[in-house]
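> Spelled out, the chains give:
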Amino acid sequence: MNLDPFLAASPLLVVALGGCLLMVAEAFSKHGREENDSRSAGPSGDLALGTAITLITGAIFSAGIWFVGPDKLEGSRALEPYLILDRFSLFFSFVLCVGGALSALLAGGYLPEHKLDRGEFYPLLIFSTLGAMMLAAAGDLLSLFLGLETMSLGVYALAGFRRASPRSTEAALKYFLLGSFAAAILLYGGALIYGATGHTDLAGIRAAITSTAATEGAANPAVLLIGVALVIVGLAFKVSAVPFHMWTPDAYEGAPTPATTFMAVAVKSAAFATLLRVLVEAFGDPALTSWASGWPPLLAFMALLTMTVANLIAGRQESVKRMLAYSSIAHAGYVLVGLVATIKVGGDAQASIMFYLLAYTASTVGAFGALILCGSRGAEAVSYEDLSGLGRRHPAAAMAFSFFLLSLAGTPPTAGFFSKFYIIKAALGAEHYVLVVVLVLNSVLSAYYYLRVLVFMYMREPAPGAPLARPMRSGYVTTALVLSAVLVLVLGVFPSTYLEIVAQAALASR
Amino acid sequence: MSPFDLVIKYWLALAAGIVAGILPRGEFPARRRVALGLITALTVLSVQWLWPVEGAAAEATADEWPHLLNVLIGMPILGAVGVLFIPRQMLSLVRGFTLVVLGVGFVVSLALLTVPMTPGWHFQFIKDWIPSLGIRWHVAVDGISLWLILLTTFIGPIAAYASFGSIKTQVKELCFCLLLLQGAMLGAFVALDLFLFFVFWELMLVPMYVMIGIWGGAEKIKAALKLFIYTMTGSMLMLAAMVYLAWTHQRLTGVWSFDYLALSQVVLSRPAQMMCFWAFSIAFFIKVPMWPVHTWLPDAHVQAPTGGSIILAAVMLKIGTYAYLRFSMGLFPGPASSLAANLAGVAILGGIIYGALVAWKQADVKRLVAYSSVAHLGFVMLGLFGVTPTGIQGAVLQMVNHGISTGALFLLVGVIYDRRHTRLISEFGGIAKVMPIYTALFVLVTFSSIGVPGTNGFVGEFMIIMGTFTSERLGTFAGIHTIGASAGVILAAVYMLSAVQRVFFGPLTHPKNKGLSDISPREMVAIAPLVLMIFVLGMFPSIFLDRMKDSVAMAYDQFKTVSGQAILFADEQQAKLLPADTFSPAFLKGAPGVKEEGEPEAPPEAGDEGVQGAAPTRRDGVLADRGGDR
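Protein sequences appear in the order of chains A and B.
The numbering used here applies: residue 465 is where the first sequence begins, and numbers increase by one.
The numbering used here applies: residue 98 is where the second sequence begins, and numbers increase by one.
Isolated chain B, as found in the complex:
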């Protein structure tokens, strides 16, 4: 392809880049202009790549570079180690290095889009890690995690860029945390080995803890500790349940494995199923967060620095919802199905409605946005609890939406906080007169957050509500649930718009607000990609839905089959292994038992010679379970 062809193909990105480079008025150094142009071009390019290319699908299927995910996870983590070796005086180098690593990560992650997301796992990479326990480095994406990875790599550089604007102390530590966090979050989204998932899940916690603790507000230590203790309580219980599940698998098959694909074939006895479901789900509910374990979130958000808030809201909370979809529903479909109506009720009353009402009464803008997160994630969870293809698709889309719109909201709140060092709504009023561009952006993002048609929020919420209405799992309550959820949409408009009204409009009373400067080019650069994505998602949701619908359909079918099996089976006090043909072959690709591509036949002894003293006892697939008598 000649350079000329390239220009023709990517004229849009090129033009956008040039315009963005020229546009800013006033004294603006050339270096900044080039950077601005590059960023804009890249953003437009990435949007361009989102569109499915006809004809290209067939040729691209073959080359899935297996190390792509390893590179995505490894680059930030190695980058974090690299930052430690840069002298702390060289501020711009530390910052530049971090941005480059995160930015390259985003570009690399765009390669995920070149592959059509057919059902099953893509970019799968498997390598033995601790063979004697069957623990493997098993990473892969499907249509669901694809969007969350892209969200993470997209938000990462923006959050870093935003943090550099406001955080001037201990920049080296900040960069270390940002990079480590990025690597851990990406790892959590792609890990298909429970042990590996747990490692990333916990690894994520420390940098976030440090970020809130060092650069946070007045109550930072309390908030950071609360975050850590809440999350850790959940995750330790999850660890125990995880080991129990692996142990049951070992008793049934004679082989240790922590692989998600292998463990989803295990159906525990009813009490054990319930216990393990709760142990996993409580960990995830804390992360989401769902009422009544949400109280760490407002504190964490209010105290966290802007960059930390963006990452926390945009990505970290999604790990809770994603993990519920992947692991709680995947491993324990029985309880997830039978408890659906109750959990959906909690999501609506405790999340959507209560969250909205509390948000309404907040005096602090950031706290308001934090509670709005509780409400929005209530929607996501509702979509998952309903378990309909539409609902799940809506939920996944809404995860991305929430990431973008709430990320943008926190960014904008950070802008005003940097100027006034307060976030109290009562301190403001009428600032639309002094900050017109900022106001326009804020109102736009608000619209996206409350789901005005044409913006991203609308599509997700609409699909979730539709999914809820048609859900079989919710049974007779579906109608009531739908009404409750719809009321939540109205409440969202009430609290967001009333806050916007009080902050931006009305008379400009406070003398300090009269001298506020409008949004700076730097802040503009950070917010622009998010605003662009709001419209792309809002107007062309199908490009997102198309890529996820096969994976969602597969997850849904599997959930239906397995939960049916599990319910049939529920009265027995025994654990059982489902036959492999219960699952679609695409799902089981890469599972430890499934041999392919000349993989040597591993006799069960090979895994056991190391650790187990006693020989594994293979029984007839069913054995007495004493697991319920905890």
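Here chain A stands alone, though its shape is the one from the complex:
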């Protein structure tokens, strides 16, 4: 028997297997069924570690197959078109696993601290990550939908994990309803595309478009264009691009912070991976998609809107978590700029998107992790006011938070700066000057609200008697922060190696 297909799919399989094992382990553990709420009794410690190890193993497998080279494995194409196991999906498997593992570590500190210590968090997280990995590897609209739903169902549950809190329930419901609508819209778009081309696999769709365009101009462009637009709308919900972002702030704010981290990091990266693959592999044809028609102008408009609106609103927020939610919308806007550029500069722009998502993953996990670290039970860091004077009271926590925020703001020599630089380079290469100017002005806007956190932490003293955030102590959170800090610094200072990697990961377009 040829084991190569299994080897090629091993990152997915490892994660799936680990998830099953952890679920069993959780069910048979004594934890959770007992009434006691004491901190040491919760299952979080072991499960968080187990989840992190599972996902890191997944990441290691992805990296291993990367070095072997997926094209060297004979059976790696056996699962096509449903799962395409190329360097592109390996890269995203790696990013998603790292994002998931770091979120699990954050949960290991967060859940016990906030008395949410129930074991089901971790299997849900793992299976969501699995869905996200499938989504990134999907080469067919059906497996795409499957991956999307696998990912989303887990995240819906994670968002509502704080059962006692009405906000969390609201977040879950809102996310679930809008997410379902988005999924339905995506499905409808897929059906239209199928109707126009007779294919659900991306390569087939592309071939059908090319052949009809060659013989009789365009076959049924209106149906096809509406289909593409609907697919983009469906995925834009997941990346929370304006105007499909309405759920984001509420869902991000209501969900427990590790779940928020996962949503901001993994869900967004996976959705961008799919968007990239669908648009490049199926609709990357200049005949259909020039500036005059097709998706680039749509995405360009969305990028402008996303960046500007998100940054303007983020500046007005009073809650730090909500600010970070809007900031993640704004970052989606920056990535969209790169996505628009793919049509002209191809590989370069794709590489910039992938580098951006990796850097964004590290910085965002760090920022949310620092926010978790800054608050303990009953003394959570919610608003800016809560963070007043933190720099004096807890210099280490404040410094970590500042570091990640500076990376998100794009200050050298962090990953955030270099990734933004790389996006700018790609967009300039594609001659999208307006997008570039709007992007750079937006990053100035964004500096305002990121710095506001620093203002409160270092430059304001708390009002007497006001509630203050008291940092928690957790080895898991600290570990996650150290790992992300290393990643942020390495990506920012020595990006060479990673640039080569993302360049290799780019899809062969056209």
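Calculated from the structure, these hints are not laboratory results.
Here's a subset of chain B near chain A, in silico, CB distances under 7 Å, partners left out: (1) 296; (2) 311; (3) 344.
Virtual Cβ for every residue (Gly too), placed ideally from N, Cα, C.
Starting from the known structure of chain A, fit chain B onto it as the hints suggest.
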């Protein structure tokens, strides 16, 4: 060389050190006396080293230690990381460590003086950083940046020492900021790779932001934010222009490069040239600051702690003027030349005259000094806009002058603020009676600031005005510009002297002022080197000018040639690469295309295998530019 010879050679420094150690009266611990002696000896020694040594030039040429600049930049940055690991309770260790790192930095930077500044780059160090994008760690000095580096390393310890006197809270953070800032500023002065320059340029911003924000006055947060947002707006536009320039270079040659030497060979099409010139220059004008984007400066200065003000005025503003000279004029000589007369008009009306008039009306001494900075830097910019060798030399000299005299002014204003916690001119009057030494020093520094002959300010301003008068770029306006600038000199005397008159002389009315103590030995130590330098610069400007004149001449020649080319070329809608022989070989030493010393022949593919999906398209040096239709 025997110890005896050393004593003979350096007798002056030795004597000065001993005198300084013995001189202070009253109860003064031995440790302080030794420190004082050492600092004085070091200062005198550094002044001694400034003088060119006959005969030594030839032997010294050979050994330029290539890592010198890396050490200069790296030491403070690593020191900043090191400070984080010192427990915050050990105050004196944190402070001592910072001072030692900064002080050693100054001593190391003196080694730059051992090399005669022939045209071209010295202490050049190049190493690939991000090869796939052609980004390199490329640092070097020439006669222009030499003085700014020395200014930075000279001011750094003084500013730190002054801050330690007044700032008692969160000292660890302060030291971290000071060291990081020092490293970033030095990096910005020596970086010859645009990307590297940008990294340092941005890196500098955060510590300064934090310094104003934490230890500043009542409106500190607003001031800090204003500084950050203003500077960042400019720098982000600069980043975009920088990438555009590198991208054009890539289209012309097939190779990515952010190297200043490589990019100065690119002549963009006219609209793109203008756009990029403005994108770069606005960033620099904000930093300088020039009217009308100067409004962050008074706020920042008024709110900043004394140490922060000193660094901001003495060094950070110079990065704007230096960068304009190096990058705006170096990369876009065409627009810099054709816009010269207009920009010079703005520098005179908005900077020199308006700045002086506003300074005159200020009630707060620090705000007054801040606006005087606007006026003085207007002079520097005028010297650069005129583009004459004299004007540029004067401008560079004036950058150093302004650093020293304004640094000293802020230091002295800090002294009085520490005693009275107010800086309002109306609160004072007649304090010459209670603080005679302080008054003498303040008047002296004031003279330097308004350019009384014999002090440093005179030489710089004189050269700038002379340069303006003879400038071809300013054309028929040169005369008017000169008159305006000269009026500025008079106004400077008016506002500074009237403030001095109101603060120090007249009757001693305010009861609180009667008990003021005169300047303390600690403050004396901080101010003494600056006062010494005022006279050294004022009386022997030629030792400074000699070292910079070759580099300035080279920059000037290049500007003339390239701007001529650019103007000839201006009507075409295409970007072009100038042939390498347009530039002097000394300038191109170390440029990415130039091979030397067995450097392996790098095929263009080597740089591209990583990132570009599409193969680079090499065309015939000229290609259609769609860059203007922004």
